[in-house]
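Residue numbers (the working numbering), protein chains in the order written: chain A, 1 to 243; chain B, 1 to 243; chain C, 1 to 243; chain D, 1 to 243; chain E, 1 to 243; chain F, 1 to 243.
Treat the hints with care, since some could be wrong.
Which copy is meant is left open, so a pair is good if it fits within one copy or across any two.
What the hints assert, rightly or not - The calculated SDA-like cross-link candidates involving lysine to any residue, where the alpha carbons are at most 20 angstroms apart (straight line), are:
no.: 1; residue 1: LYS150; residue 2: VAL240
no.: 2; residue 1: LYS227; residue 2: ASN204
no.: 3; residue 1: LYS187; residue 2: ALA29
no.: 4; residue 1: LYS5; residue 2: GLY153
Read the hints as simulated data drawn from the structure, not as lab findings.
The model shown is predicted, which means the values in this text are computed figures rather than measured ones.
There are 6 protein chains.
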Amino acid sequence: MKNNKALVFSAHAADFVWRCGGAIALHQARGYEVTIICLSYGERGESAKLWKQDNTTTPMVKQARKEEAEKAAAELGAHDIIFLDLGDYPLDLDRESKYKIVDIIRKVQPDFMLSHSRFDPYNTDHMYTTEIALETRMIAQAWGHNPGEKVLGAPQLYLFEPHQTEQMGWVPNVFLDITEVWDKKRKAIECMEGQVHLWNYYTNLAENRANHFRRNSGGQAGGRPAKYAEGFQAVFPRCVDEL
Amino acid sequence: MKNNKALVFSAHAADFVWRCGGAIALHQARGYEVTIICLSYGERGESAKLWKQDNTTTPMVKQARKEEAEKAAAELGAHDIIFLDLGDYPLDLDRESKYKIVDIIRKVQPDFMLSHSRFDPYNTDHMYTTEIALETRMIAQAWGHNPGEKVLGAPQLYLFEPHQTEQMGWVPNVFLDITEVWDKKRKAIECMEGQVHLWNYYTNLAENRANHFRRNSGGQAGGRPAKYAEGFQAVFPRCVDEL
Amino acid sequence: MKNNKALVFSAHAADFVWRCGGAIALHQARGYEVTIICLSYGERGESAKLWKQDNTTTPMVKQARKEEAEKAAAELGAHDIIFLDLGDYPLDLDRESKYKIVDIIRKVQPDFMLSHSRFDPYNTDHMYTTEIALETRMIAQAWGHNPGEKVLGAPQLYLFEPHQTEQMGWVPNVFLDITEVWDKKRKAIECMEGQVHLWNYYTNLAENRANHFRRNSGGQAGGRPAKYAEGFQAVFPRCVDEL
Amino acid sequence: MKNNKALVFSAHAADFVWRCGGAIALHQARGYEVTIICLSYGERGESAKLWKQDNTTTPMVKQARKEEAEKAAAELGAHDIIFLDLGDYPLDLDRESKYKIVDIIRKVQPDFMLSHSRFDPYNTDHMYTTEIALETRMIAQAWGHNPGEKVLGAPQLYLFEPHQTEQMGWVPNVFLDITEVWDKKRKAIECMEGQVHLWNYYTNLAENRANHFRRNSGGQAGGRPAKYAEGFQAVFPRCVDEL
Amino acid sequence: MKNNKALVFSAHAADFVWRCGGAIALHQARGYEVTIICLSYGERGESAKLWKQDNTTTPMVKQARKEEAEKAAAELGAHDIIFLDLGDYPLDLDRESKYKIVDIIRKVQPDFMLSHSRFDPYNTDHMYTTEIALETRMIAQAWGHNPGEKVLGAPQLYLFEPHQTEQMGWVPNVFLDITEVWDKKRKAIECMEGQVHLWNYYTNLAENRANHFRRNSGGQAGGRPAKYAEGFQAVFPRCVDEL
Amino acid sequence: MKNNKALVFSAHAADFVWRCGGAIALHQARGYEVTIICLSYGERGESAKLWKQDNTTTPMVKQARKEEAEKAAAELGAHDIIFLDLGDYPLDLDRESKYKIVDIIRKVQPDFMLSHSRFDPYNTDHMYTTEIALETRMIAQAWGHNPGEKVLGAPQLYLFEPHQTEQMGWVPNVFLDITEVWDKKRKAIECMEGQVHLWNYYTNLAENRANHFRRNSGGQAGGRPAKYAEGFQAVFPRCVDEL
């Protein structure tokens, strides 16, 4: 039996749902344990609908976002979801918070990691999260950090799909067929009651990425009939013994 | 039993040896049939040693380069090597020559293709070869080209390592462990009697690429102990059902 | 009354429909005259469905593609559609064909032009078309080409959206609201009977581009409620007297 | 009557004069209210002439720079100039300072913003200022930041022209004709008594950018006869209903 | 005594004057022999003023452009100027024309070469010229091309400054102080009677490039007091024994 | 006699040896004084071998790394080596530490500086070091920083070769022949007893970079017979009076 692990960096509570919900559900179904780290609840920047209501307070928004995210994670069958509550707009981590993330990385020992695109002029929290992912990955590899702990190997870092990909300089180099878990992703999406306007958007996107999948897996002459897909940009080279 | 195929584009007769000899030998060992197309013999531009001898003629150079390349291909166990004799420095293909390549592509029906880097200010034949590889791949996919023939699917195109990678804008996103076939590659290299000064160069390179392989397959904490490797840049996204 | 003109370069007969059908219909509705040049019928490369039928011949395919394209152009209300029948897969223009295009450019005197993305590893005809667009734009500006004719000014060249934008290095810097003409574009799309699998794809895309439109025209706080949009990459700087 | 607003980020006190003085004066003339934020006085890094005098102190330099900048802003007719006095060489903002900027952005509610280039190996304060511009723009859009305040929409961010554009990776995609306000810009430039060696430089530049303006607005065949222009790089896509 | 050589590729007759006239004059003054190849007279595309006159014919334009260019070359003290009369708008060289250029390269045996920028959406002749420069440089290095002739070494290729540098992706990595030969360059510029509107433009540019020179050779603290400079982008790495 | 100076930024204690040991030894041999700043000892991240021993403590690791680095610096003949002990994995400098570096820069008054590549997804300390190098270079140029001190001119910044160059976006534009000091570099390398697996790697690399040197200094037809070389990427344009 497989004993693989994956680790997802989500700047705000909902990011993991739209951007890699399929990958989470699929790898769980394949026997992976997928852990999600939400750096913040997105309580300031991505909770417009809640703030438009009367008498809203920050703790109320955090609680609502937390519940939504937990419900979505459950729909995806995620192994674990961890909320670091580091504050958003802007995210800004001190050394201690970074070490907390390193602890999680070392405990999980992921085979691969997922995070945001490297550039995002609309949302600097997103690109900052990937800076942190790279920095904490490096620290987790250091023999001199908490000597005696098991250090991290060299897991791949996949950048999941940002909004408006072309403005972010994000280029997918792998498409993942998520057809078999699409229903789970759609249910997770529907947990995001504050962002109904995005449900259709990400359904369209998954259908169109499946078109790209089919185009690259066989083109006009055939190819696996994926109906829903997600795209990712692998940061590091792959190591193989067959092309 | 596997029935896979690969197709290599070599601008000049010797390019395939230095740049992807390991991949050829390895895939043959894995049950692939690897076909090599040499667009030219490299008789004008890459045969300095022969031309420095007295009384050299073009047919003599072509013959010598052909023999060397065939010997190297045999060392690598390549399934087939085809010489199109299209002339070098510069390569410049007419429509008929392109169609001849399309015929080969369709006959081989490769699972993947290999060619040069996309940019090369030192050697315009190299980048032109990849333009041709992309163009003929497209034609081979067209139902209206020689209707009735089996059209091509959507094979990956891997760009093998150019000389002075950084000047060519070439970035490897996959490293291939060629340790088990290194002896064959070295023997193929030693067939290149006119370019003895490059033997050590490409041995150094294979050792150093193995270091990169190890760095990406596990880092300081371990990783597969590859001793020789080759790097490639995949042009198209991969399609997977597990990251 | 306006007397503006636009000119569309379409490598194959159907390209203009998917990629800028909205822009064509919208500008016609705004009083522009939009002329479409189809460099080829796409008879070899983009007519798979027709070629899968028995007894298909090249003239039959050309005729079918021509009829489809004309019907689509009529749905969009295009002023004119010109078929140059230069052959596809690959397109390769001689000097005379280029001059024929220059004649059209000069006759139309477009305020702006539309063409394909600058790079396309899947379809070299597409990027070649934009090379031709730039080259013929330049010739049309030359006082010494057919002296006495009215030379071209400096029209903007917009690159319309390719398939798999990220692989093409295409980055939209303008979004066009095509909501008011969406029905016309959808009808034009439905003229493409050989490519039913793309109808939904381009509808999804138009909806998602409208999301991008709204995001950039006001963000979460509002913005014009575009429902369908198209993206374009302007090649040349704009000249304005107000930012 | 128009009620438009613009907001300028100036790392040091004088940057706005050289780089977008024309835009400021022109938009004021068009009925905009243009507010300038000077993050620092440039008292350490860009006041060499003052520091070469005897007995100079930091307060003296700040005062002199402030007076110069105010005088220049007055020549341009700017609506307001705000000095945050955050220190230069290097600029480094804490959370409180960022929120102070957010307050200004929300109060101004700009239709567009102006800032430095994204990269500058000569002057890291410049690129840092644009990081701050993007970050504070994002915070200003957050419903959860100071709930109840009017949030920001999605104003364009224009990057004004840096020194040595090519080294900064700055590419102008819009040229602004500033001919009608050139006299004001020149007078504002002449307020910069410490940098006389740059007066001619920026006059040359404005003339040459006007050449670029003419080249793109009609080429050799004509075009608006701009005599002075400024270039800008828009960060975000435009949203239009006519190309 | 020095016996150095340089070779300039000029797409059209006047290009060398504006873009590297200073380099030509300076190296002649330093004991170099500088040869200029004009691929065309620019008779179609860059002779608007002549074509606007009555009864102009192509031979008349060629003759006028040739005289101007010769006069300018003489002002610069160029060793030789060669007109290949290959036609412009568009330039398109056959194999024979390429070999003619190879003959010149081998005869000159340049220590360095000069050509246009690699990209130019406004003028495809310019970028094509640099493609040709790289291709003929490669052929000239081939021992199998006209065996027995002296082959070319590996001269640097400098790309001189295009119009609108940022749109061309041109980035200067070397600035040349041309102060001592500025008068010659200005006189050569004044030979271009058909393009009076550019005299001031290129004077401004030379002054501003001198500012960049000073900025990089010592910054605010001093630096060589160059008054006029030209910028170049070296294509190939330098080889040194001291940084 | 020469009185030149150079300054090397080394993120961790050993970086300077592998990446620019040849440049250090060579410039010392040419009469330069080369000062090395080690920002950290690399005690956490680059001392795996020491940490694998029992009872290792941080002070022990620091001491061991310091001794190694001093020994290596001595082999290279470096003028001075300064350990700032700022901590690694991650490096994160406060204002005071930056000013300490500025003090060193001003004291040394380097003719050129050396640092890491601009991007490094494997090791964020490396790219951070170059951010610091650029930032402190800027501060050192400011007349208002410690007024009265001699300000810095505009020294070139060379980026030395990172591991896995292509992943770092590093492109060498200068190769330095280090043949005459190779023995010193090899001896310095052999001081790194904790990283024996890298000795061969960097020897291979130096041999292969010499091949690149020869290729660019004369190509197949000759060129200086360098046997060992190092590559560098100059950040700023050069200023010359001869190309």
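Tested hints:
no.	hint	result
1	LYS150 to VAL240	neither (25 angstroms within a copy, 30 angstroms between copies)
2	LYS227 to ASN204	both (11 angstroms within a copy, 14 angstroms between copies)
3	LYS187 to ALA29	within (16 angstroms within a copy, 42 angstroms between copies)
4	LYS5 to GLY153	within (13 angstroms within a copy, 34 angstroms between copies)
Hint violations for this structure: number 1 only, all remaining hints satisfied.
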